[in-house]
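Visitor: Next come the chains, spelled out residue by residue.
There are 2 protein chains.
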Amino acid sequence: MRATVIHGKRDVRLEEVAQPRLSTGGDAIVRVVASCVCGSDLWPYRGVTPTDHPHRIGHEFVGIVEEVGPDVVTVKPGDFVIAPFYDCDMTCVNCLNGVSTSCLNGGWWGADDRLGGFADGGQGEFVRVPHADGSLVATPGKPDASLIPGLLSLADVMGTGHHAAVSAGVTVGSTVVVVGDGAVGLCAVIAAKRLGASRIVSMSRHPQRQALAREFGATDVVEERGDEGVARIKAMFDGVGADCVLECVGTSESMDQAIRSTRPGGTVGYVGAPSGGSALPIRPLFNSNIGVNGGVAPVRNYVQELLSEVLSGAIEPGRVFDLELPLAEVAEAYAAMDERRAIKVLLRP
Amino acid sequence: MRATVIHGKRDVRLEEVAQPRLSTGGDAIVRVVASCVCGSDLWPYRGVTPTDHPHRIGHEFVGIVEEVGPDVVTVKPGDFVIAPFYDCDMTCVNCLNGVSTSCLNGGWWGADDRLGGFADGGQGEFVRVPHADGSLVATPGKPDASLIPGLLSLADVMGTGHHAAVSAGVTVGSTVVVVGDGAVGLCAVIAAKRLGASRIVSMSRHPQRQALAREFGATDVVEERGDEGVARIKAMFDGVGADCVLECVGTSESMDQAIRSTRPGGTVGYVGAPSGGSALPIRPLFNSNIGVNGGVAPVRNYVQELLSEVLSGAIEPGRVFDLELPLAEVAEAYAAMDERRAIKVLLRP
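Top to bottom, those sequences are chains Z and R.
For the first sequence, position 78 matches number 78 in the UniProt record's numbering, and the numbering has no gaps at all.
For the second sequence, position 296 matches number 296 in the UniProt record's numbering, and the numbering has no gaps at all.
Next comes chain Z alone, as it looks inside the complex (with noise of 0.2 Å):
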C-alpha cells in the first residue's frame, strides 16, 4: 500500500509499504477513507523537531474497518470508524478516569513499538489499529459523504477544542478569549458557543480565519497582541480579563497571552503542546488565582458526546478543512498548512 514517510526537513514523500496484518487478536485494519496534516506534523516537517530517520507521520484519520481480530467485539468489517489521534483501551483506570491520553496500554500512530509490531501512521491507505474495541467509534449507518469531514475532525481538533473549554471551565454565561486561529482554534469557538459562553472573542489576524470564527460563534475579533492584546481584553471585561481563556497554540508567547488575558480566579484552558517555554510562571498565577488546566486532548473520550452534534449538522467542525487533496499529493498538503495557504487539508487515498 502507500504511505506517507517524512525523510527530513520539507521532505515528505508517498511511498510503497508493506500492507499491515492482524496480529494481536484485538487489533483491525482500516481502509482509510479520509486523513489529514495536522499543526503538529508541521513542527518535523519545518525541522523544528529533528527527522533523524525517514518515518512514517499523520495521526488523524476515518476509515472502513476491513478486518477485526478474533477478541474484537464492539466494531466489525464494514464499519465506519472514527479513531482517535492516539490508540487506548477505554478499560484501564486513566482511560475510565476520562483521560485517554494516558491510557496504560494505549500508544502513538506510527510508532514502530506498538503492540503487536508497527502501528501504521494515519496519512495512507489502511491503518493497523491496536486496541480497536477502545479504539475505534462506529457511527451507526455509513454516514453521508458531506459529513466526512465532520467526522474527521473528532479525531483530533474538534475533540482538542472542547477540551480547551472543558478544561477552561467554560459554563452558561462564561466570557471566552481563544488564543489561536488554527483549526483548534477555531473548534474552540465552536465549543465554547456550545458549552453556553456568553461572549467569544477570537483573537485573529487572519481575515478569512476571522469570519469563520464568527460564524462558528465569536462575538468578538481582537487583532492586536501582546500588551495592546491585554489592554483590549481587560477592557472588554470589567478591566479583569476573561473568565476562561483558551489556548490553542503552545508558544510561550501565546501562553504568556493568554495567562494575562485572564481574569483573577479565572482558568486558562490549554491544549497547545509547548513547544516553547518549559516553564509556566507561579507568581503571576498564584497572585491572581489563575487557574492552568488542560494537556494532550482525550479526544477518544469526547468522541460519542459530540457524534451525534456532528451527525445532526448542529455543530459544523468539517469546515476547518478548507482544501482536498487526493493523497498523492500529500506534499503540498504540507507546503500548503506550512505556507498558511490552508488551515487545515483533508487528503483522500
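Heads up, some of the hints might be wrong.
Unchecked claim - To be clear about the criterion: a stretch of chain R counts as covered by chain Z if any three or more of its residues have a C-beta under 8 Å from a C-beta of chain Z, and this derived list gives those stretches:
1. 84 to 98
2. 268 to 275
3. 293 to 300
No lab work stands behind these hints: they were computed from the structure.
Beta carbons: idealized from backbone N, C-alpha and C, even for Gly.
The hints should help you fit chain R onto chain Z, whose structure is shown.
Guide: Chain R only, in chain Z's frame:
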C-alpha cells in the same frame, strides 16, 4: 498602644506605637482579642526575605469593634468581628467573582500607604481596618471564649486550607493527598473531609501533627518524601495517584511532590506562597493533563460558609493552635514556630 515590629532576622519586638485613628469614613477601629503568627511571618523572621527597615507585622486577628466611621453600616461598636488577612471592599468585580484577595481597592495589613493612611498589623492591641463593611464579618452575638481559636482560624488558615481543597476540586468520593502538615495543611484535611473526600492522605513525619491530622479526618499518613513518597501514593491509588493533591507548603520540592502524586487528569490545589522555584514545569502537566489551580486564598469569601460550622463545633480548626502566649511574649511565639515546637501560636494582648 503596643504592637509588634520586626527589625530584622530573628528580631521581633513589642513596641509602643501610635494609637490608630479613624480617617476615611468607611473604616473601623478594632480592639484585638486574639492574633497569631503565620507561617509566612517566618520568612522575614528567618531572613529568607530581607527586612530593610523596621516595620509592623501580623495579619490575622479577631476582636471587638471600638469605633466606626460614619459610612460603615454592617458592623457597629461592640460587635465581635473576624478580619481576613487582607482588607477588601467586597463590592468590586473581583470580590464579586469570589477573589477578594484581588480586590481592586484592597490591600495588606501593616502597609503604610493604605487608604486613609497606615493600616495596622494584626499583632498589636488595636487595628485600623479600611473598608470595614467589606473586610469584617461580625459573629451573631458574643462568642464563647472556647470558640476564639476556631474563629481566628477563619482569618487565614482554615479559609486557606479550604481554598486548597476547593481549588483542587475536592468533592464527594475524591481521593486526596495533603502535602504539608502545618496549620494550613491540617485545615486542608478538615476541608477535604467536609467536602466529602473518600480517602485523605496526610504527608507528615511529625507524630503530633499526624495524630491531629487523623483526628481531623486523614485516613492515611505517608512519611516518605520524594520518589519514595510518590511511589507510596501511587501504590495507594490504582498505581496512578490521587484525584486531588493539596499543596500547602510553597517550596519547589513540595510542588514537585504534589504534581507527581496527582493522577493523570487530576488537580493540584495550591495555596503555599511560592517561596522557592519561580516556575511550574509545563511538560509533565501537559502530558498527563494535571491541572494547577489556587493561589493566595480569598478567605473573606469563605467566612460565612465556614463560620456556622465553627460555631456549632462541626469543625474544630482552632485545634491547630497548640500554644497560647500573651502578646508581650511575641518574640517567644516566633521562636516556638521557627523551631517547630508549636504548630501555630495564639497571642492575646
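Visitor: Next step is simple, just say for each hint if it's right about the structure.
Guide: Evaluation of the provided hints:
| no. | hint | in the structure |
| --- | --- | --- |
| 1 | 84 to 98 | holds (count 4) |
| 2 | 268 to 275 | holds (count 3) |
| 3 | 293 to 300 | holds (count 5) |
Violated hints: none; the structure is consistent with every hint.
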